[in-house]
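These protein sequences, in sequence, are chains A and B. Just so it is clear: in the first sequence, position 430 is 430 by my numbering, and no numbers are missing. To convert, take the position in the second sequence, counting from 1, and add 496; that gives my numbering.
Hints listed in this document are in silico derivations from the structure and should not be mistaken for laboratory results. Fair warning: there could be bad hints in the mix.
What the hints assert, rightly or not - Think about it this way: if two alpha-carbon atoms lie no more than 25 Å apart in a straight line, the pair counts; the simulated SDA-like pairs of lysine to any residue are: (1) B:1081 x A:285; (2) A:25 x A:10; (3) B:1081 x A:427; (4) B:1020 x B:864; (5) B:549 x B:521; (6) A:484 x A:8; (7) B:847 x B:1077; (8) A:429 x B:864; (9) B:549 x B:1076; (10) B:1077 x A:424; (11) B:1077 x A:293; (12) A:429 x B:1090; (13) A:434 x B:1076; (14) A:21 x A:8; (15) B:1081 x A:361.
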Amino acid sequence: MIFLFIGLPLVVAAFMPLIGKVSKKVAPDVLANAVFLFLLVLAVTSGRQLIGQGPVLQSLSWLGEPLAIQIAVDGFSLFMLMAISLVTFCIGLYSINYMTHYGSKANFYALLLMMVAGMNGLVLVTDLFQLYIFLEVAAVASYALVAFGLEHDELEAAFKYLMLSVVASAAILIAIGLLFGLTGSLGFAAVGDALRGLDAKLAVGFCAALFIMGFGLKAALVPFHAWLPDAHPSAPAPISAVLSGLLIKVSGVYALARIFYNVFGLEAGGALSQALMILGAISIVVAAFLAIRQSDMKRMLAYSSISQVGYVVLGIGIGTPLGVAGGLLHLFNHALAKGLLFLNSGAIQQSTGTRNLDEMGGLAKRMPVTAATSLVGSLSIAGVPPLGGFWSKLLIIMALVQAGHGVLAVVAVLASVVTLWYYLIMQRKAFFGKLNEKWAAVKEAPFWMSAATVLLALLVIGSGIFFAAIIKSWIQPASESLAKGLQTALHGLGGF
Amino acid sequence: MTPNTLLWPILLPAIVAVIAFLIPTRVKWFREAICLGASAALIYLAFALFAVKNLEFRLPWMGQGIGFELRLFHFSAFILVGLAGFLFLITLYSTVKMSGHPRIREYYAYVFLTAALANGAVLADNFVPFVFFWEGLLVTLYGLITLGRKEANRTAVKAFIINGLCDFCMILGIGILWAQTGTLTISQISVKPEGLAVVAFLMMMIGAIGKAGAMPFHTWIPDAAIDAPVTFMAFMPAAFEKLLGIYLLARITLDLFKLEKGSGLSLVLMIIGAATIVLAVMMALIQKDFKRLLSYHAVSQVGYMILGIGTAVPIGIVGGLFHMINHAMYKCGLFLSAGSVEYRTGTTELKKLGGLAKVMPFTAAGFTVCALAISGVWPLNGFVSKEMIFHGAIESGYVIFAIAAWVGAIFTFASFLKAGHSVFFGPRSEESPAAVKPIKESPAPIVIPILILALLCITFGVANKLPLTTFIQPILEGHVEAGESIDFTPHALSLFTPIAGISILCLLLAFGLHAFGWKKGGKKAYLASEPVHKFPVLHTIYDWAENRVFDLYEQGVIVLNGLAMVLFKGIDRPIDFVYEKIITKTGEAFAGVLSKAHTGHYANYLAWCLGGLVAIAALINALLK
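Work the whole structure out from these sequences, hints included.
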């Protein structure tokens, strides 16, 4: 059953180009969206009961012979699965209209499904090498998707992305190799156990540095961020939304958190915790200031993603339950809001043909739905109550104060002011003020695009109003499974 | 009658208010019919309650002595009757005068909500519900004023702030009183005005006279006279607010605190009363607008009531309370007749009117009776109550206040001679709209309330024994020394006393003053007050007053604006400069440096990554050690 999260999108992705030969538009639309909806329902309804008794481990078998492929679901994985399916569902809806004039729909969906399979696999695996494999699956799909427009800029961005990602992959692979050499095993729990018996602090520290560089590159933490502002804006809007909303968090933050908590055993106040917090804080501040100067809407959003991932890493890096909960909640809120904002930017780009904020102006009059939903998304990320972003930032800041990191708390607060600053610049330039005569004939985005943004905006508002319920039902199980570590539970099941 | 009946005077108008608000604007007569029927029912209810006299409704509410307590006794029953009567007349009048107003739904809703709140305030026997009802009146006051001209919003704010300030003082006084007595039930409170209780008395007194519109809390009334609908003027400042304010003042001086004759507090009240009489009537005299002139009289007449109650002498108190109901009748009648003139001619400026008595005989007759009544002409009701107040002032031992009251009487009559002469008698002005189109008498719903009020003025004067013994004198029962008579009717209309003689002399003086001014002003009645206006020192004072130098609200606004300016320039702007210039510029410079580093060269980015790896490895290495 858990395999469906990986297997279903992978199989459908394989058939999608063939289906595209038969039906260019309708069948790919219906099929892909059906898969996204199915995964969403599966994650939301069945997953909770599945892990009600604790994490679940499944082995893949082939003709009755068990294979060495094991996947497991715990609170953290399930939370990520839910976030992935929720955002991809909205993006699927959006793509129905948006991708109509953007190349082959079947190929697009095939790549998107492959990326989803990669991300789902990444959050379900139980050993380091499988993690690397699914990381690459998702990454390869994303290279192709960034280059999907096949224009000069897109190809350049995709190439730059590819070249830097390869460096990241290499660093990760080296680290995995070193750990394998040290411990002789690859499973999270086994490596963790073996490391505890070893006295190889510095070697482990070097591995951790390699992981930080590798996954930091994937997550676009400063100073490993430089590829993102080129790559994310170049992709089609729904892909930008997936990249910024999900991929950097799954292949960066999730993997980092999983390895640091469940393999290395991150302790609050320890070296790893401090390194993560410093990195997070630098990302928050530097990227926020970089965002101010941008006049390209998608670039501004991209820098904002770097800054917000900084918050997530900062929260998770604190190492206290409150900090982890805040970081994960911010991950969720940012996935929704940034996905929403990229979809909005796509709507504007489709209607006006530009991404340049200076050329826009007064679009709220012509595109009221886009303007309203984008305001919701912006205010959530900027941390204005009662939207979701406010609560998650509040939790992170409270956790910082609680753990005695007063300076970082102040930095986090001030950076959120800067965040509000550039989002207001964006809102003012794009939507408020006098309508630029150039856009007098501009029309609101078509139905499915508007529906997807409205759905996301409602989710953003809902996540603010019902933040307590979300924390209780999704975040707490996730942060508990991080804190306890996967290994204890899996040992109970007699696993590897 | 069960105690629950006491809820009806509050609930009925409140329900009507909601219904009146819900009926769409397009529906014409239905709303008016409901309102008229409900106000008639309220009159019946009020009289029925008046017959019962004593009824109590107590509902424990929040504990700590805070209960929803209503108490009907003679005084509150009498005020209920008065409120219901005026509500009916105003509603009848409004059916024509306010018809077609774009916010008619709000108008009736506010009027009936006002009635509900006023009834509640009068019946309340616990300070918490009392304050609730009293403060609610502030909201409807604001709402009603905004229904007037476009400029009315400013006046509404002014009225709101002035009344809010007075109410705040009153709540403060109530708080002190609570701390002193330990109870919030009004009928259980009776303290000697000593020590801190003096402060409580003064604070609550400000609340009461502020509601009644005495100086210096009056300045919004002349503004509202121009800006607000005339029905509002007849409804609130002329009738309801006088009844409520003087009711509260009487409760304070009679029940809550025992005001002693000749005490300092009595003197304070009499000074306020006398000052209000003289200063407001001097302002009234020179007004050139009918409604504004009436509004200053509404202020001036409050002075008589406060003076009468302030004497703390039985005859003075009876006079003050009788003057309250009398004033409400004739001032309401006067405002309504001004409204009638405005309804037909479209203006209330004195110089544009004239000779309307021939075409609007009923309005003119009603106005004449009410004007004579307010001037205190024998045998109308104003004469009776004013005589009592003169008596009271003399009995209190301070003749000076009686003299002030007489001065007020001179100018009151002079200004009404001027007003009547300019509007209804004398030749028609060339600027008069009447010169352009023929003017008819106003329709019956406008004329009837005026005539009813005029008739009441005559009745209450000629047959003064009836209202005095049924309504007013029983209020004093239990408040005078045993054996002392509280029947003051025998000499009420007597002409051959020295005091009545002086009063009549005053009226003659006023007539002479008017005739002199009229001749001086080239036989133009609206210029009759100019000799007083142009009188050497008075002229300067008048100029200041016209420029609102004495208006505490306007002066306060100027001071606050100045303060705000200083704070803005001295503190806000420098802080703003730090945010606007220093922080944003620094931020942008920082962002500029960062942007420059992002050249787009792959090699650079790769170098950063490797540099980052080295830095982090070093960092972790250092931290692990």
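Right, here's what the structure says about each hint:
1. Note on residue 1081 of chain B and residue 285 of chain A: the hinted pairing holds, with a Cα-Cα distance of about 16 Å set against a maximum of 25 Å.
2. This hinted pair checks out: residue 25 of chain A and residue 10 of chain A have alpha carbons roughly 20 Å apart, not beyond 25 Å.
3. Restraint check for residue 1081 of chain B and residue 427 of chain A: satisfied, since their Cα atoms lie roughly 21 Å apart, inside the 25 Å limit.
4. The straight-line distance between the Cα atoms of residue 1020 of chain B and residue 864 of chain B is roughly 19 Å, inside the 25 Å bound, and the hint therefore holds.
5. Our distance criterion of 25 Å between C-alpha atoms is broken by residue 549 of chain B and residue 521 of chain B, whose separation comes to about 40 Å.
6. Distance restraint check for residue 484 of chain A and residue 8 of chain A: the Cα-Cα separation of roughly 31 Å exceeds the 25 Å cut-off, and the hinted pair is therefore not satisfied.
7. With a C-alpha separation of about 59 Å, the suggested pair residue 847 of chain B and residue 1077 of chain B falls outside the 25 Å cut-off, and the hint is violated.
8. As the CA atoms of residue 429 of chain A and residue 864 of chain B are separated by approximately 68 Å, the hinted pair breaks the 25 Å bound.
9. At roughly 69 Å between alpha-carbon atoms, residue 549 of chain B and residue 1076 of chain B are farther apart than 25 Å, so this suggested pair is violated.
10. For the suggested pair residue 1077 of chain B and residue 424 of chain A, the alpha carbons sit about 17 Å apart, so the restraint of at most 25 Å is met.
11. Using a Cα cut-off of 25 Å, the hinted pair residue 1077 of chain B and residue 293 of chain A holds, with the two alpha carbons roughly 16 Å apart.
12. Straight-line distance between C-alpha atoms of residue 429 of chain A and residue 1090 of chain B comes to about 22 Å, which keeps the hinted pair within the 25 Å bound.
13. The hinted pair formed by residue 434 of chain A and residue 1076 of chain B meets the criterion: a straight-line CA distance of about 23 Å does not exceed 25 Å.
14. Distance check on the hinted pair: residue 21 of chain A and residue 8 of chain A sit about 20 Å apart at the alpha-carbon level, within 25 Å; holds.
15. Restraint check for residue 1081 of chain B and residue 361 of chain A: the C-alpha separation of about 24 Å stays at or below 25 Å, so the hint holds.
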